[in-house]
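Residue numbers (this note's numbering), protein chains in the order written: chain A, 1 to 152; chain B, 153 to 304; chain C, 305 to 456; chain D, 457 to 608.
Quick caveat, the hints were computed from the structure, so don't treat them as lab data. A quick note: this is a predicted structure, and the numbers were derived from the prediction, not measured. Each hint should be verified, as a subset may be incorrect.
Stated by the list, open to error - Facing chain A, according to a computed beta carbon distance under 8 Å, are these residues of chain C, among others:
no., residue
1, A363
2, A377
3, G392
4, Y393
5, I437
All residues carry an ideal CB built from backbone N, CA and C; glycine is no exception.
Number of protein chains: 4
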Amino acid sequence: MPDIRKKTRIGVIGGARPGKASLEAAFEAGGLIARAGAVLVCGGLGGIMEAAARGAHGAGGLTIGILPGPSPADANPHIDIPIATGIGYARNSIVAMNADVLIAIDGEYGTLSEIAYGMIYGKRIIGLGTWEIKGVIPAATPEEAVRSALRP
Amino acid sequence: MPDIRKKTRIGVIGGARPGKASLEAAFEAGGLIARAGAVLVCGGLGGIMEAAARGAHGAGGLTIGILPGPSPADANPHIDIPIATGIGYARNSIVAMNADVLIAIDGEYGTLSEIAYGMIYGKRIIGLGTWEIKGVIPAATPEEAVRSALRP
Amino acid sequence: MPDIRKKTRIGVIGGARPGKASLEAAFEAGGLIARAGAVLVCGGLGGIMEAAARGAHGAGGLTIGILPGPSPADANPHIDIPIATGIGYARNSIVAMNADVLIAIDGEYGTLSEIAYGMIYGKRIIGLGTWEIKGVIPAATPEEAVRSALRP
Amino acid sequence: MPDIRKKTRIGVIGGARPGKASLEAAFEAGGLIARAGAVLVCGGLGGIMEAAARGAHGAGGLTIGILPGPSPADANPHIDIPIATGIGYARNSIVAMNADVLIAIDGEYGTLSEIAYGMIYGKRIIGLGTWEIKGVIPAATPEEAVRSALRP
Numbered sequence: 001m002p003d004i005r006k007k008t009r010i011g012v013i014g015g016a017r018p019g020k021a022s023l024e025a026a027f028e029a030g031g032l033i034a035r036a037g038a039v040l041v042c043g044g045l046g047g048i049m050e051a052a053a054r055g056a057h058g059a060g061g062l063t064i065g066i067l068p069g070p071s072p073a074d075a076n077p078h079i080d081i082p083i084a085t086g087i088g089y090a091r092n093s094i095v096a097m098n099a100d101v102l103i104a105i106d107g108e109y110g111t112l113s114e115i116a117y118g119m120i121y122g123k124r125i126i127g128l129g130t131w132e133i134k135g136v137i138p139a140a141t142p143e144e145a146v147r148s149a150l151r152p
Numbered sequence: 153m154p155d156i157r158k159k160t161r162i163g164v165i166g167g168a169r170p171g172k173a174s175l176e177a178a179f180e181a182g183g184l185i186a187r188a189g190a191v192l193v194c195g196g197l198g199g200i201m202e203a204a205a206r207g208a209h210g211a212g213g214l215t216i217g218i219l220p221g222p223s224p225a226d227a228n229p230h231i232d233i234p235i236a237t238g239i240g241y242a243r244n245s246i247v248a249m250n251a252d253v254l255i256a257i258d259g260e261y262g263t264l265s266e267i268a269y270g271m272i273y274g275k276r277i278i279g280l281g282t283w284e285i286k287g288v289i290p291a292a293t294p295e296e297a298v299r300s301a302l303r304p
Numbered sequence: 305m306p307d308i309r310k311k312t313r314i315g316v317i318g319g320a321r322p323g324k325a326s327l328e329a330a331f332e333a334g335g336l337i338a339r340a341g342a343v344l345v346c347g348g349l350g351g352i353m354e355a356a357a358r359g360a361h362g363a364g365g366l367t368i369g370i371l372p373g374p375s376p377a378d379a380n381p382h383i384d385i386p387i388a389t390g391i392g393y394a395r396n397s398i399v400a401m402n403a404d405v406l407i408a409i410d411g412e413y414g415t416l417s418e419i420a421y422g423m424i425y426g427k428r429i430i431g432l433g434t435w436e437i438k439g440v441i442p443a444a445t446p447e448e449a450v451r452s453a454l455r456p
Numbered sequence: 457m458p459d460i461r462k463k464t465r466i467g468v469i470g471g472a473r474p475g476k477a478s479l480e481a482a483f484e485a486g487g488l489i490a491r492a493g494a495v496l497v498c499g500g501l502g503g504i505m506e507a508a509a510r511g512a513h514g515a516g517g518l519t520i521g522i523l524p525g526p527s528p529a530d531a532n533p534h535i536d537i538p539i540a541t542g543i544g545y546a547r548n549s550i551v552a553m554n555a556d557v558l559i560a561i562d563g564e565y566g567t568l569s570e571i572a573y574g575m576i577y578g579k580r581i582i583g584l585g586t587w588e589i590k591g592v593i594p595a596a597t598p599e600e601a602v603r604s605a606l607r608p
């Protein structure tokens, strides 16, 4: 199996219009994910998705963005591997499906749907200032969230 | 426009393995929906979906079941119009999309994803012993839930 | 099982910009489908989809339109049961999945994808002035197409 | 924009049960794609998909596999970036959407649906012993197909 396949994939989910502190947390989480040798999976657009991808890509990590629209070019500029789906918000299922573990940061109803899908697909989900949902493991800082995500 | 198109579509969402009281509430809600002249939309399978469809179909109403699998024959026996999708849990988006208003009864993470999609698509959601999510309007009984759903 | 469930579902597939003769053939096929007591399934939009639905609905039949976009209101005015999917052209798979048998009339690449899905899902496909694809049964007139579609 | 984003993405489409000559052609095409510095996109499973990925990955190229099922682990062992979709054959739309240009080799109805989607999404399609469909550019050898695919 190729080496990339052996890396842990961490999904970072969160909304397109977060506050400044959440953006900084996402950027920091992205960097930590990359430095840990993990791959970042996200929804490929703006806000939390872009901040996490900027953090991960800037730290030399690989970033995958799974987009709602039909054009790979819609991905934010920090996505290495844009995957267009053309299935709208139903792509939230695909984001959750392609992460080994998820970190939810802030977020609105889109993020809530991704948390729900993560639970349906049996993924561990770490929450950082996000929806308080049964089963989501709270973390206080990006460091704690990424450390918790990487725990075997 | 055809007469069926003019009817309100009420989605009833909820899990496949609810308790007895939730099943009775779903059955009752289905009957009230049909007697109000509305169309029932649901996920087409068992549990809450089947109880609501049994209630609505038994009261002479029309029932639409939007299924995760590829076979229309998988719908429960109270579904008039089974729609197979073959897209798995991503069909939860389609259930929410095709209701004018949603009633959530009990439910696990699948229901949570449908609540999230309902909010994304700007639908009113009435909750009956379900997830307590910002924006969901609580109801105490099936009567109150259906009355609230039918409010213009 | 409800009575509607026992009816044969005939899918009529074809493009949004057909010639006049194809539109007339689709309208006629729709009428024949309705008079035979079958349910019409189509893509819910204009062109062949609208002509077939107009024929079927005008003859008292039930019409289901499976739409690419997120809004049931986008269906043409002859659709009784609009099903919005929000998954774009991937909905072509769902159209083919929900017919017992398909009649392809005229059509461009969208129709070709629906013919392909019909074959993948093991459906009989009757062709009326459409793509000549291995496995598609040619018919010369709408009557012949509908008669062939209804053959057990 | 990341360097990977600047690379041409070539989709290789074809069936899961091809003849030996088609498998060899797919393997050869995969190697040529990698050596040209392009990224391989395919459906991630067996047959043509696996042969092309084996050729590309063995030659040091990057391979993306877009899978019908819900598990990234179902990808063949030569896929670097497996993307699970869980939407069944509707994923054929996503395969076509994520290639700049497509090479169709052999193939049955699944491949036909991908050719149709490729045309819908305005992609150039090169055919190597596959369906003869209006708009598909025929090639006689893997070299000719890849050269034609890389033409600006």
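To see whether the hints hold, each was checked on the structure:
1. A363: 34 Å, violated
2. A377: Violated: closest Cβ of chain A sits about 16 Å from A377 of chain C, beyond 8 Å.
3. G392: 4 Å, holds
4. Y393: At about 7 Å, which falls below the 8 Å cut-off, the nearest Cβ of chain A leaves the hint on Y393 of chain C intact, so it holds.
5. I437: 24 Å, violated
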